[in-house]
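Student: All chains should be built: construct the whole structure from the sequences, respecting the hints.
What follows is each chain in one-letter form.
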Amino acid sequence: MMRSCLLALLLVIIPASSPGHTDVSETIKALSSKIAGKATADLYYQRATEFRALRESDHAIEDLRAALKLEPKHRQAKISLIRALGKSDEALAMATSYLVGGHSAHSAIEAAYLVAHIHHLRGENVHALAICEKIQALAKSHENTIDLLHADILLDLARPADAAAILKNSWQRTQSIVVRNNWIDLALTAGQTTAVLPIISEELSSSRFRSSWLIRRARASLILKKPAEARADLSTALLEITPRIHPERPDLTLITDRGLVHALMGNPVLARRDLEELRKSSLPPAYYRLLSDTLAKR
Amino acid sequence: MKSLFLLFLTTFLVAADPIPEFSRQPYLQLATDDSIRIVWRARTQMTPRVVFGSTVDSLSSKVPAAQILTRTHPSLSEDNPIFKDAPVETRQFEATITALKPLTSYYYAIYDGDKRLTPADTSYRFKTNPVPGKENPVYFWVVGDSGTGGKAQAQVHTSMVEHTAKKGQPIDLYIHVGDMAYGSGTNKEFSDRFFKMYEPTLRNTVCWGSMGNHEGKTSKGATGIGPFYDAFIHPAKGEAGGLPSGKEAFYSFDYGKVHFICLDSHDLDRRPTGEMAQWLKADLEKTKAEFLVAFFHHPPYTKGSHDSDREGQLVEMREHIMPILESGGVDLVFTGHSHIYERSMLIDGAYQTPSVAKGVILDDRDGDPEGDGPYRKSAGLTPNNGTVAVTTGHGGTTNRRSGTHPLMRRIILANGSCLITIKDDTILGEMLDLNGEIRDTFAIKKSGVVTHTVIENPWQPQPLRPAKKPTTPTAPRGATALIEKGATWSYLAGAHPAGDPTDWAAPEYDCSEWKTGKAGFGYGDDDDTTEINMRGKFTTVYVRKEFDLPAGANLNKLGLSVSYDDAFIAYLNGHEVHRQGVDNKQGAEAAGFKNHDANKTFEYFPLKSLSKILKPGQKNVLAIEGHNVNLTSSDFTLHPRLLLGK
Chain A
1 MMRSCLLALL
11 LVIIPASSPG
21 HTDVSETIKA
31 LSSKIAGKAT
41 ADLYYQRATE
51 FRALRESDHA
61 IEDLRAALKL
71 EPKHRQAKIS
81 LIRALGKSDE
91 ALAMATSYLV
101 GGHSAHSAIE
111 AAYLVAHIHH
121 LRGENVHALA
131 ICEKIQALAK
141 SHENTIDLLH
151 ADILLDLARP
161 ADAAAILKNS
171 WQRTQSIVVR
181 NNWIDLALTA
191 GQTTAVLPII
201 SEELSSSRFR
211 SSWLIRRARA
221 SLILKKPAEA
231 RADLSTALLE
241 ITPRIHPERP
251 DLTLITDRGL
261 VHALMGNPVL
271 ARRDLEELRK
281 SSLPPAYYRL
291 LSDTLAKR
Chain B
299 MKSLFLLFLT
309 TFLVAADPIP
319 EFSRQPYLQL
329 ATDDSIRIVW
339 RARTQMTPRV
349 VFGSTVDSLS
359 SKVPAAQILT
369 RTHPSLSEDN
379 PIFKDAPVET
389 RQFEATITAL
399 KPLTSYYYAI
409 YDGDKRLTPA
419 DTSYRFKTNP
429 VPGKENPVYF
439 WVVGDSGTGG
449 KAQAQVHTSM
459 VEHTAKKGQP
469 IDLYIHVGDM
479 AYGSGTNKEF
489 SDRFFKMYEP
499 TLRNTVCWGS
509 MGNHEGKTSK
519 GATGIGPFYD
529 AFIHPAKGEA
539 GGLPSGKEAF
549 YSFDYGKVHF
559 ICLDSHDLDR
569 RPTGEMAQWL
579 KADLEKTKAE
589 FLVAFFHHPP
599 YTKGSHDSDR
609 EGQLVEMREH
619 IMPILESGGV
629 DLVFTGHSHI
639 YERSMLIDGA
649 YQTPSVAKGV
659 ILDDRDGDPE
669 GDGPYRKSAG
679 LTPNNGTVAV
689 TTGHGGTTNR
699 RSGTHPLMRR
709 IILANGSCLI
719 TIKDDTILGE
729 MLDLNGEIRD
739 TFAIKKSGVV
749 THTVIENPWQ
759 PQPLRPAKKP
769 TTPTAPRGAT
779 ALIEKGATWS
789 YLAGAHPAGD
799 PTDWAAPEYD
809 CSEWKTGKAG
819 FGYGDDDDTT
829 EINMRGKFTT
839 VYVRKEFDLP
849 AGANLNKLGL
859 SVSYDDAFIA
869 YLNGHEVHRQ
879 GVDNKQGAEA
889 AGFKNHDANK
899 TFEYFPLKSL
909 SKILKPGQKN
919 VLAIEGHNVN
929 LTSSDFTLHP
939 RLLLGK
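Chains as they are written, first to last, in the numbering used here: chain A, 1 to 298; chain B, 299 to 944.
Mixed in with the good hints there might be a few duds.
[Stated by the list, open to error] Label-pair ranges, simulated between beta-carbon atoms:
no.	chain 1	residue 1	chain 2	residue 2	range
1	A	S107	B	P385	20 to 28 Å
2	B	P372	A	E124	52 to 60 Å
3	B	P372	A	L138	17 to 25 Å
Rather than coming from a laboratory, the hints here were simulated on the basis of the structure. The beta-carbon is built from N, C-alpha and C at its ideal position, and this holds for glycine as well.
Tutor: What follows is the structure in structure tokens.
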């Protein structure tokens, strides 16, 4: 009786255990101990996640492989390993085998996206495109991320108008502003201005920072052979962008915008300087593609 | 005044017994200036009805049946939208009330057919937001890393309830910066550690959530699928004032002149190329708010239980997302993940890794209106005009500090939460601990045009005081080495010995399968004869060696002389005789390690009470388990000697 009372008292006094995690290294150590005791695929997967947090990708890959050795169908480990392996043959082979394996509709789309993404990274855009087209046909309510990839692939294949059409549909379906803005940029690349100019005007009248929209309107003006209007918009954009740029550690999205302004205004030296800054960053070239393409054209 | 306090307390703390018909009690979501959602769950099918009105006695308006959505489990094959992780028979009901007046209080009741389920009390109420852009004060609560279901979490909640009741001012909204349902954010963990815990608040206050890494174990930001997304309804379509993100993982909303931005720092692309950053840039370009508050889980600046100089998500949020937020004019950034309260000075451009104070602090005073005075910023949203970053991961779990972040003005190790008031031209922030005490106050006054000059040599927080090094005795002169420096040992690396934790240290243990090598053991520092490739793989090495103990040896003069990095436990004939830098347990379960550098020196540890352990004139066994403080440590050393003094 006494003992049970004491136990009850302890339960009241002692707060419930705190399952919150601690430092990543300690979590790795705790998982390593568990793995040393009895290794499971989940434990290896969890440790891989922690290694990834420390940006130790070699260790993460090692653990993901160990997880799959124990449990070849461990879905999260498989997807994480495919992503970690980038555009390698192994990544493509794994993703393709995952695609043909049996799974839910959602997983099938996820696998198809992975395969298309890897093909795209490898520059195999015809293969990538075929997969995206299949997703568009079979799964109408897919994530807009797939549409953005699809548009990228079409742009690589020099089909900006088709890319714009994909994103226009996607925007109407998902209402994602990222999709809409990418659609507008691609439409302008394809030389289309009619559908996008009303949106650009509306955004110019309702936005706090207008430089992105001034650049878009300037691109439209150049298509419509109105260089003076384009120049006026670009000058205004530059005035807005300049004070927003931190002198030592700038927001790279603004460097991209400034470079584009310089390129469109015919200042290749300044545009190249911004492009160089972007190239020195860890960002993929696709991020500043519009700037490099514009510079190349002009 | 006292009666007012009691009224508020009664209103807030009407937790009563849970209403049995609900498997998840009613809570509010997605408030705007003219609409709100009331959400609840039941274990069985019901005929849901919701009524509301401007007084508790007159709930004369009815939510049309078409505006009450029912979600069911996918396996039921019913023609309903689905949710993923709950018992199969569970139903989630979401009543959307529209055409409401801005900034107006309403009361509501939920029925199953004609049976009223919620009691007729004033705690079942909601208040619509002010019209975006309209002047109106806001008072909100920010909590992080709370979801333990434990006592500290409950106390943090109670302290907020009591504090706001005493003040006579209920909160307008509640922000959770993630890790609200340990350990994996399952449906059950959400119910037990979030909804039950905060139920009296959630029934009348909207919680806007950002996903933590623990919720991320079961919910995915890219797809919006999982218990987190089942529970929360976020404005992915720009319903609440921000731009449509197309994903519930990141979104924004307006409350009067304040624009709130929620990001997913856990499982989405954090680079400027990613959808989230593209949306953020567009959203910041669009908003015409006068105050900007961002919140997400992983802190860009912390030295609490996590280190923002080491961990990828934290580094990326700082290097990629903070520049976009600051060039957009952000005022406040709330995060969690690190179990500590850390509040920065007024900073700008602090994106380097590792973080440094030089060149990034615009105002190094304490920001306390009663102290050095509030921080100053220009009116409206001005790019790069100063940010206060707050790590508020102290909402309910064990706190920890691993160092001193150079941008922080306040570092507090206590459970608590933040209460923020934005009124007129001023932001006032308070940290309320679990005992109801305000432990930090800061303010940002935004008025006129303020130009800052970066402070060359800013104030710096006190470094974390290193533990005093104990003075250790020196080895006795003329001692005989029973085990020499550089002796050959049996060792086990990369695994733990089979059996009970100390079996391996006993004389009769068979270690013939172990490798042999000369001491010292380890890596890094160029002080090891037997190199062990353990970095990133394991942290423990076991060594054992037989030695002859002379008959008649004075056992009171026996001691260990060890060069070690970081910690060890020594056994003689299977009995623990000394532990150094290990707080708890042994072997695979050892925990609580302290950093220690070998520095190519040996430290002497006299051993006591050995008479019942050792066998003079016979073979004896010294066994030692060496521990590295963590997997990523740059070095490890274990080099023992056994000395017998005269």
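Student: Look at each hint and say if it fits the structure.
Tutor: How the hints compare with the structure:
1. The supplied range of 20 to 28 Å is met by S107(A) and P385(B), whose beta-carbon atoms lie about 23 Å from each other.
2. For P372(B) and E124(A), the Cβ-Cβ distance of about 35 Å falls outside the hinted range of 52 to 60 Å, so the restraint is violated.
3. Between P372(B) and L138(A), the C-beta spacing of about 19 Å keeps the proposed range 17 to 25 Å intact.
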